[in-house]
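Whenever a hint applies, use it, and build me the whole structure from the sequences.
Spelled out, the chains give:
There are 2 protein chains.
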Amino acid sequence: MLKKFKFMKESLLSSLFCIGIFMLQAQELTWRNPLTEKVIQGRSKEVLESDGFARLPLALKESVREPVWNLGNQSAGVYIDFKTAAEEITVKYQVKGALNMPHMPSTGVSGLDLYAKDPQDNSWKWAHGGYSFKDTITYTFKNLGSHPSYEYRLYLPMYNKVEWMEIGTSSAEPISFLKSEGKPIVVYGTSIAQGACATRPGLGWTNILGRNFEQEVINLAFSGNGRLEQPILDLINKVDASVYILDCIPNLGLTKDRDAAKLKALIEHAVEFLRKDHPTTPIIMAEHSSSEVPGILNGKPNDNFKESSRIGRETIDGLKKKGVKNLYWLSSEDIGLDIDNTVDYAHPNDIGMEKIAKAYKELLRKVLR
Amino acid sequence: MLKKFKFMKESLLSSLFCIGIFMLQAQELTWRNPLTEKVIQGRSKEVLESDGFARLPLALKESVREPVWNLGNQSAGVYIDFKTAAEEITVKYQVKGALNMPHMPSTGVSGLDLYAKDPQDNSWKWAHGGYSFKDTITYTFKNLGSHPSYEYRLYLPMYNKVEWMEIGTSSAEPISFLKSEGKPIVVYGTSIAQGACATRPGLGWTNILGRNFEQEVINLAFSGNGRLEQPILDLINKVDASVYILDCIPNLGLTKDRDAAKLKALIEHAVEFLRKDHPTTPIIMAEHSSSEVPGILNGKPNDNFKESSRIGRETIDGLKKKGVKNLYWLSSEDIGLDIDNTVDYAHPNDIGMEKIAKAYKELLRKVLR
Chain A
1 MLKKFKFMKE SLLSSLFCIG IFMLQAQELT WRNPLTEKVI QGRSKEVLES DGFARLPLAL
61 KESVREPVWN LGNQSAGVYI DFKTAAEEIT VKYQVKGALN MPHMPSTGVS GLDLYAKDPQ
121 DNSWKWAHGG YSFKDTITYT FKNLGSHPSY EYRLYLPMYN KVEWMEIGTS SAEPISFLKS
181 EGKPIVVYGT SIAQGACATR PGLGWTNILG RNFEQEVINL AFSGNGRLEQ PILDLINKVD
241 ASVYILDCIP NLGLTKDRDA AKLKALIEHA VEFLRKDHPT TPIIMAEHSS SEVPGILNGK
301 PNDNFKESSR IGRETIDGLK KKGVKNLYWL SSEDIGLDID NTVDYAHPND IGMEKIAKAY
361 KELLRKVLR
Chain B
1 MLKKFKFMKE SLLSSLFCIG IFMLQAQELT WRNPLTEKVI QGRSKEVLES DGFARLPLAL
61 KESVREPVWN LGNQSAGVYI DFKTAAEEIT VKYQVKGALN MPHMPSTGVS GLDLYAKDPQ
121 DNSWKWAHGG YSFKDTITYT FKNLGSHPSY EYRLYLPMYN KVEWMEIGTS SAEPISFLKS
181 EGKPIVVYGT SIAQGACATR PGLGWTNILG RNFEQEVINL AFSGNGRLEQ PILDLINKVD
241 ASVYILDCIP NLGLTKDRDA AKLKALIEHA VEFLRKDHPT TPIIMAEHSS SEVPGILNGK
301 PNDNFKESSR IGRETIDGLK KKGVKNLYWL SSEDIGLDID NTVDYAHPND IGMEKIAKAY
361 KELLRKVLR
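Chains A and B, in that order, are what the protein sequence lines are.
Reminder that position 102 of the first sequence reads as 102 in the numbering used here, one-by-one numbering, no gaps.
Reminder that position 289 of the second sequence reads as 289 in the numbering used here, one-by-one numbering, no gaps.
One should not assume that every hint holds.
Which copy? The list can't say, so a pair holds if one copy fits it or any two copies do.
[As the list claims (entries may be wrong)] As a list, the in silico DSBU-like pairs of lysine-lysine whose alpha-carbon atoms are at most 30 Å apart:
#1 Lys325 - Lys45
#2 Lys366 - Lys264
#3 Lys361 - Lys125
#4 Lys306 - Lys321
#5 Lys117 - Lys366
#6 Lys61 - Lys179
#7 Lys300 - Lys142
#8 Lys134 - Lys161
#9 Lys300 - Lys134
#10 Lys300 - Lys83
#11 Lys125 - Lys262
#12 Lys92 - Lys300
#13 Lys117 - Lys355
#14 Lys320 - Lys264
#15 Lys355 - Lys125
#16 Lys134 - Lys96
#17 Lys179 - Lys256
#18 Lys358 - Lys125
#19 Lys300 - Lys256
#20 Lys306 - Lys125
#21 Lys256 - Lys320
#22 Lys83 - Lys117
#23 Lys256 - Lys142
#24 Lys306 - Lys117
Since the hints were made in silico from the structure, they are not lab data.
These numbers were taken from a predicted model, which means no experiment stands behind them.
As structure tokens, this is what we get:
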């Protein structure tokens, strides 16, 4: 009896010890730094580990204007793909700039977004995370279930510079990172393509597009500064892209210093420059998504958007007539925004983002076939 | 010659004087206080001028819980209708609370929104405003064109308390305020119905709904606190409504203190209480819009939403079987949210808001005929 009791006691202690170890292990997270793992996607291969989570390489610092450089440090369109069987994923990071803008919440400006593709049917799932916007920002994605075959995609903030980031899962369920193959879709654009004003990164139109195609999407969009400038054209020219999307019209309104002739020359140069090294790669130029929105009362900005869009369209038509092949125009009618699809007329809300992504998707299905 | 010169000089001076007066007049704004004009809409007639821009009357302060009182001071769903020929409208106001939330921008939490109905074809137009979120917030709606027949609708902030507000137009083009007639649509709800997380007030689902029907919509939704409580039931019972919408399920999850039987009793009481004074007025109860969203990875909160939604549905079915007429259930399948329609799973983004409004619209078209 005494022996039996002793055995039970030992057995109980041993069980408690095992449970304790198990709980300790479950709580203990292994942290991975995606930067040192060299698994950052959604940016040019010219950008190095030493450039952090930026979209522009240090080599470009002297040749781009200061606002372009600063915006290039923001992680718009940057993402990380990985597999894990973990049921909980924690991400901690710090950002440099303001957490939000008056028309865009912290979740969009400085937040993360986690999707996962089920490779069985290529369907996308989504996980909501609990967030804490303190000095160090934390997102915790809980109760995910264990899906070792799923390909997780973690989107980084669209309008902030990430200083450092670590991704934690339980030590028992580590992460294995993935890298896309194939030719990327390259987008050179403005605030809209950078992601304003999606409420979270996964809803920016370039990121939606990325979930619709197997290719990586490289976001080179700079709020207020997408102006078809040479240093950025040089950078995208180095990418062996499946398609070049030049969505810069919203930042190319007519001004005292940029009349119709100059705008035309700028567009012609961009297309002809890319054509030299990429004779057959499709190039898409897009109208301002808010060029023609029925039911907008305010007159003047409308007229300016319309005018530069008209010149863009005519220039592309002219280039086509001159024999430039695989050149496409995406019109605002193709996008079809209405009065409830922007937050401030210029910047689409999540409805507008979805419509822009859909219009591009339909065009790309033809262009990339 | 001298005389002619003198005449020209006088004529020039006189012209300059006239131009000066004209410009002065154009710049000079007449400010109107919608509160003292008694033209606040979207709230119960029990709420008085002395209650400011709130949705709850002072008389209720002692009988509601403190968070309900505080949220009732926020101007969700409150709006002002007016006519003016002015081409520019300026609104200045102060708010009491934080300008934004991590998942909802200042434009939604503390901003304004301006729509206008063209009575010729009942189509709605929208005007974007330049905003400045300083100590005093200013919205300026410019270049509107002159539309004296249009019925403007100015929506107030959805998640902030407005301390005071003035609406300015040029003195030459004053404002005449309008008041809706007919029985209002009354909504008793939670954070979602209060407007989280629309990017601007006009995109909250109750406000979208208001543009689809001729009736006023009264928003009695309280973030985290829409719990079918007696003081609010008393308040809505005093409104001779065209329909009562009880969209409280998202705040009625099962807890230690609220089991299935208590939830059932709460719903039965709310319906039977309103039925006493309003024997035929339609009553709609709605499922949590995120009860059934395919593709959400996280398990647990989903299950809780599902469970209280199931009990709600069964209780409504039971009441119908007991003979309660004009009682309706709006299911999450009717709403049809997908993984891209919320900012944080619980709170719809602008896409989700549009879908909720559409589902209600379709149901109300049948119910209100």
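Hint by hint, here is what the structure shows:
no. : hint            : verdict
1   : Lys325 - Lys45  : within (27 Å within a copy, 66 Å between copies)
2   : Lys366 - Lys264 : within (26 Å within a copy, 54 Å between copies)
3   : Lys361 - Lys125 : both (19 Å within a copy, 29 Å between copies)
4   : Lys306 - Lys321 : within (22 Å within a copy, 59 Å between copies)
5   : Lys117 - Lys366 : within (24 Å within a copy, 40 Å between copies)
6   : Lys61 - Lys179  : within (27 Å within a copy, 59 Å between copies)
7   : Lys300 - Lys142 : between (48 Å within a copy, 9 Å between copies)
8   : Lys134 - Lys161 : both (15 Å within a copy, 26 Å between copies)
9   : Lys300 - Lys134 : between (41 Å within a copy, 26 Å between copies)
10  : Lys300 - Lys83  : between (50 Å within a copy, 22 Å between copies)
11  : Lys125 - Lys262 : neither (46 Å within a copy, 35 Å between copies)
12  : Lys92 - Lys300  : between (44 Å within a copy, 23 Å between copies)
13  : Lys117 - Lys355 : both (22 Å within a copy, 25 Å between copies)
14  : Lys320 - Lys264 : within (14 Å within a copy, 67 Å between copies)
15  : Lys355 - Lys125 : both (20 Å within a copy, 20 Å between copies)
16  : Lys134 - Lys96  : both (12 Å within a copy, 23 Å between copies)
17  : Lys179 - Lys256 : neither (46 Å within a copy, 46 Å between copies)
18  : Lys358 - Lys125 : both (18 Å within a copy, 24 Å between copies)
19  : Lys300 - Lys256 : within (16 Å within a copy, 58 Å between copies)
20  : Lys306 - Lys125 : between (38 Å within a copy, 19 Å between copies)
21  : Lys256 - Lys320 : within (28 Å within a copy, 69 Å between copies)
22  : Lys83 - Lys117  : within (10 Å within a copy, 52 Å between copies)
23  : Lys256 - Lys142 : between (54 Å within a copy, 22 Å between copies)
24  : Lys306 - Lys117 : between (39 Å within a copy, 24 Å between copies)
The structure does not agree with the numbered hints 11 and 17 stated previously, though it agrees with the rest.
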